[in-house]
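Q: Residue numbers for the sequence shown follow my numbering, beginning at 1 and rising by one.
What the hints contain is simulated information worked out from the structure, not anything from laboratory work. Keep in mind that the hints are not guaranteed to be accurate.
In silico lysine to any residue, SDA-like type, Cα no more than 20 Å apart, as pairs [stated by the list, open to error]: (1) Lys105 x Ser118; (2) Lys105 x Asp157; (3) Lys105 x Arg115; (4) Lys105 x Phe86; (5) Lys105 x Arg3; (6) Lys105 x Arg120; (7) Lys105 x Leu77; (8) Lys105 x Ala74; (9) Lys105 x Arg94; (10) Lys105 x Ala20; (11) Lys105 x Arg119; (12) Lys105 x Arg15; (13) Lys105 x Asp75; (14) Lys105 x Gly83; (15) Lys105 x Val82; (16) Lys105 x Thr29; (17) Lys105 x Ile51; (18) Lys105 x Arg62; (19) Lys105 x Val60; (20) Lys105 x Arg117; (21) Lys105 x Pro158; (22) Lys105 x Leu95; (23) Lys105 x His12; (24) Lys105 x Arg2; (25) Lys105 x Thr22; (26) Lys105 x Gln24; (27) Lys105 x Ser19; (28) Lys105 x Asp190; (29) Lys105 x Gly28; (30) Lys105 x His31; (31) Lys105 x Ile11; (32) Lys105 x Val49; (33) Lys105 x Ser159; (34) Lys105 x Thr121; (35) Lys105 x Glu203; (36) Lys105 x Leu80.
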Amino acid sequence: MRRADRLFLIIHALRGRRSAMTAQQLAGTLHVSLRTIYRDVADLQLSGVPIEGEAGIGYVLRKGSDIPPLMFNADELEALVVGTRFVRAFGGERLGVSASAALLKIEAVLPPELRERSRRTRIYAPELDNRIEASGMIDRLHAAVEARQVLRLQYRDPSGSETAREVEPLCLTFWGGSWTLGAWCRLREDFRNFRPDRIVGVETTGGVFFEITGRDLSAYLQAVGRNEA
Numbered sequence: 001m002r003r004a005d006r007l008f009l010i011i012h013a014l015r016g017r018r019s020a021m022t023a024q025q026l027a028g029t030l031h032v033s034l035r036t037i038y039r040d041v042a043d044l045q046l047s048g049v050p051i052e053g054e055a056g057i058g059y060v061l062r063k064g065s066d067i068p069p070l071m072f073n074a075d076e077l078e079a080l081v082v083g084t085r086f087v088r089a090f091g092g093e094r095l096g097v098s099a100s101a102a103l104l105k106i107e108a109v110l111p112p113e114l115r116e117r118s119r120r121t122r123i124y125a126p127e128l129d130n131r132i133e134a135s136g137m138i139d140r141l142h143a144a145v146e147a148r149q150v151l152r153l154q155y156r157d158p159s160g161s162e163t164a165r166e167v168e169p170l171c172l173t174f175w176g177g178s179w180t181l182g183a184w185c186r187l188r189e190d191f192r193n194f195r196p197d198r199i200v201g202v203e204t205t206g207g208v209f210f211e212i213t214g215r216d217l218s219a220y221l222q223a224v225g226r227n228e229a
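Please put together the full structure from these sequences, using the hints given.
A: Now the structure itself:
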């Protein structure tokens, strides 16, 4: 996370709170060390941001520094909260941290009644000990999709047989219980869906690909459900 983003999130985490927020809470929210929080808060105070408090006690943002609330109604806000919970539970560490930061920004500028509503929603997505997310596989595949990196996969099919595949990753899709990697398989010369939990090994080849008409994301989406890996 960039330092500028971190400073912004500290301000928003403190905005509108009636009680002090400890450095430990801030560190946990932003996934940084206590030392980083102490340094960042001190720098914000020196730059004129009206943060009151000190290390070991907690921090509050002086009243009068609020900005206008976002124009969300209660149902829209609940949808955002629930969506964030699902991303944190199933979207890998990278998107999970970003989802938490985004929700923090939103809640910080909401009027009190809507902020309380966001905390009362009873739709949850438990963050279970999922092997795929824990291994960082979703983050690695996501990065490859974004960078258009050609991947070499060691893939295990339902019968337990393993094959080596070289693929052009096009997208990640979550089906409400499992992920699939949508890709152009150079071995099969066709689109294939790969389940991350069946990927035994993955590495980048060092090459990148360019989407070609007929084997790009648009063509893949039209072919979804037609092929088996």
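Q: Now tell me if each hint is right for this structure.
A: Hints, verified against the model:
no. : hint            : result
1   : Lys105 x Ser118 : holds, 13 Å
2   : Lys105 x Asp157 : violated, 43 Å
3   : Lys105 x Arg115 : holds, 11 Å
4   : Lys105 x Phe86  : holds, 18 Å
5   : Lys105 x Arg3   : holds, 16 Å
6   : Lys105 x Arg120 : holds, 18 Å
7   : Lys105 x Leu77  : holds, 12 Å
8   : Lys105 x Ala74  : holds, 17 Å
9   : Lys105 x Arg94  : holds, 17 Å
10  : Lys105 x Ala20  : holds, 18 Å
11  : Lys105 x Arg119 : holds, 14 Å
12  : Lys105 x Arg15  : holds, 10 Å
13  : Lys105 x Asp75  : holds, 18 Å
14  : Lys105 x Gly83  : holds, 15 Å
15  : Lys105 x Val82  : holds, 15 Å
16  : Lys105 x Thr29  : holds, 12 Å
17  : Lys105 x Ile51  : holds, 17 Å
18  : Lys105 x Arg62  : holds, 18 Å
19  : Lys105 x Val60  : holds, 16 Å
20  : Lys105 x Arg117 : holds, 16 Å
21  : Lys105 x Pro158 : violated, 43 Å
22  : Lys105 x Leu95  : holds, 15 Å
23  : Lys105 x His12  : holds, 6 Å
24  : Lys105 x Arg2   : holds, 15 Å
25  : Lys105 x Thr22  : holds, 18 Å
26  : Lys105 x Gln24  : holds, 19 Å
27  : Lys105 x Ser19  : holds, 18 Å
28  : Lys105 x Asp190 : violated, 43 Å
29  : Lys105 x Gly28  : holds, 15 Å
30  : Lys105 x His31  : holds, 15 Å
31  : Lys105 x Ile11  : holds, 9 Å
32  : Lys105 x Val49  : holds, 17 Å
33  : Lys105 x Ser159 : violated, 47 Å
34  : Lys105 x Thr121 : holds, 18 Å
35  : Lys105 x Glu203 : violated, 36 Å
36  : Lys105 x Leu80  : holds, 12 Å
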